[in-house]
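These protein sequence lines map, in sequence, to chains W and V.
Take the first sequence: its letters are residues 1 to 185, numbered as in our numbering.
Take the second sequence: its letters are residues 186 to 377, numbered as in our numbering.
Hints in this document: simulated from the structure, not taken from any laboratory.
Some clues are possibly wrong.
What the hints assert, rightly or not - Only pairs whose alpha carbons sit at most 27 Å apart, straight line, appear in this in silico BS3-like list of lysine-lysine:
#1 V:K309 <-> W:K139
#2 W:K139 <-> W:K111
#3 V:K373 <-> V:K358
#4 V:K309 <-> V:K265
#5 W:K117 <-> W:K139
#6 W:K139 <-> V:K236
#7 V:K348 <-> V:K251
#8 V:K348 <-> W:K139
#9 V:K251 <-> V:K358
#10 V:K373 <-> V:K267
#11 V:K286 <-> V:K209
#12 W:K139 <-> V:K209
#13 V:K326 <-> W:K139
#14 V:K358 <-> W:K139
#15 W:K83 <-> W:K111
#16 W:K60 <-> W:K83
#17 V:K302 <-> V:K358
#18 V:K358 <-> V:K286
#19 V:K251 <-> W:K111
#20 W:K83 <-> V:K209
#21 W:K176 <-> W:K60
#22 W:K117 <-> W:K83
#23 V:K302 <-> V:K267
#24 W:K176 <-> W:K58
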Amino acid sequence: MRRFFASTFVFLFVTLLVAGVSAQGAKKGAVRPKAAISIGPKVTQIDLEGLRGLLKPKGKPLVINFWATWCDPCREEFPQLVKLDAAYKGKIDFATVSFDDLVDIRTTVPKFLRQMKAQMPAYLLITPDENAAIELISKDWEGNLPLTMIFNADGSVAYMHKGAIAYSAVTAEVDKLLAQPSAGK
Amino acid sequence: MKRLFLLALIVGLFALAASGQGLKIGATMENFSLPDTNGAVQTLDSLKGEKGALIVFLSAQCPVVKGYHDRINEIAAAYKSKGINFIGINSNATEDLAWVKSNIAEYGYQFPVLIDKNNVFADKLNAQSTPEVFYVDASRKLVYHGAIDNDRGGDNVTQPYLKTAFEESLSGKAVSQPNTHAIGCTIKRANQ
C-alpha cells in the first residue's frame, strides 16, 4: 500500500513537473509573437524641437541623411550610407531622419533598416509644419528627398547634397573635416 | 583682349549664379516654349488664363504626386473657371513619353503636361521637387512658389498654401506666404 502511495506521489510529481516545464515553454512561446513584431532597429519619433537638437553636433562632425522608404533614390543610396557609417564609426556622428508616416515607425522603416543592416541612430520626424522643418534644416532646400548634410563640429554646414550621394564625394568631405585640427575634439 | 575675356568670365559667372537661384517672387517668367505630349509646341502665353497660370512639376513615379493628384485635379478645375490655367511639366529624365502619357490618363489630368527634355526649364526655375508649383499672374509675374498644402496624405490639410495664394491674388491682395516648402521627390535630372 505504501509502495502504491509512493509510486503515485512520484507519478504525480513527475507529471506536475513536466506540466510546469511545458507551461513555461508555452509562456516562452507566447512571448515569441511579440519578438516577431520588433522587425528591425529602433526608430525614434521626433518633433520640430527634437530635430533642432539633432542638428547640433556634439563635438564631432555630424552627418544626417533625410529620407523616406517611398523614395526610390533614398533606398538606392542607403547601402552607401551604411558603408559610410561603418567606415567612420567613432570618428563622426551619423543619424538618419525619415519623413515616412507615423504608421510606418514600427513596420516599413525598421524593416528596411534591418534589411540594410543599418546601425546608425534612426529617427522619424512627425510635425504638422513640414515647411518649418525644411526651413530649419536648410534655407536652400526645397524639401526634395534624399538630402545629405554634413555639419562641422561647430554646427556650420560643411556639405549639402540633394539627391542620391556619390560615396567618394561624401567621404572626401568627411576626410577634409577630420583632417582639420579641431575635428572630433 | 585679356580685359574682354575677364569681363565675359565675370558676366558668365553672374549668369550662372543667377540661374542657380531660379525665379524670385515678383520676377517675370519668360514666355517659355515646350512640347506637349503630342509633340506640339506650346507657350506660356498661349496656355495661361486671364488671371495667370499655375505651373506644376509632376512625375509619373513619385508617390507624393500620386498622393496629390486628386487635389491637383480638384484645384485645377476650381480655378480654371476663375481664370487660372494649370500647366503640368515633366522634367524627369527617368520617365519616357509613353509612361508620362499613360500616367496622365491614369491620374486624369485635364490640363496640358509639357515635356521638359534635359530639364532645361526646371534648371531655369531651379525647380527641385515634385510636386512643386509656380503661380504666375496675368503679366507672368511670379506670385507664389512652393507647396500645394501642408499635408502629403491629404487628410489633415491645415494650410492650403496654394488655394490661399490664389484667393489672395484674385482679390488683389499681396500673397501673405509667397514661398513654402514641402517634402517631395527629387526631379530626376538628365545630368545626374
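Each hint, compared with the structure:
no.: 1; hint: V:K309 <-> W:K139; in the structure: holds, 19 Å
no.: 2; hint: W:K139 <-> W:K111; in the structure: violated, 32 Å
no.: 3; hint: V:K373 <-> V:K358; in the structure: violated, 36 Å
no.: 4; hint: V:K309 <-> V:K265; in the structure: holds, 26 Å
no.: 5; hint: W:K117 <-> W:K139; in the structure: violated, 32 Å
no.: 6; hint: W:K139 <-> V:K236; in the structure: violated, 30 Å
no.: 7; hint: V:K348 <-> V:K251; in the structure: holds, 19 Å
no.: 8; hint: V:K348 <-> W:K139; in the structure: holds, 23 Å
no.: 9; hint: V:K251 <-> V:K358; in the structure: violated, 32 Å
no.: 10; hint: V:K373 <-> V:K267; in the structure: violated, 33 Å
no.: 11; hint: V:K286 <-> V:K209; in the structure: violated, 31 Å
no.: 12; hint: W:K139 <-> V:K209; in the structure: holds, 14 Å
no.: 13; hint: V:K326 <-> W:K139; in the structure: holds, 23 Å
no.: 14; hint: V:K358 <-> W:K139; in the structure: holds, 26 Å
no.: 15; hint: W:K83 <-> W:K111; in the structure: holds, 18 Å
no.: 16; hint: W:K60 <-> W:K83; in the structure: holds, 19 Å
no.: 17; hint: V:K302 <-> V:K358; in the structure: violated, 36 Å
no.: 18; hint: V:K358 <-> V:K286; in the structure: violated, 37 Å
no.: 19; hint: V:K251 <-> W:K111; in the structure: holds, 23 Å
no.: 20; hint: W:K83 <-> V:K209; in the structure: violated, 39 Å
no.: 21; hint: W:K176 <-> W:K60; in the structure: holds, 13 Å
no.: 22; hint: W:K117 <-> W:K83; in the structure: holds, 10 Å
no.: 23; hint: V:K302 <-> V:K267; in the structure: violated, 31 Å
no.: 24; hint: W:K176 <-> W:K58; in the structure: holds, 18 Å
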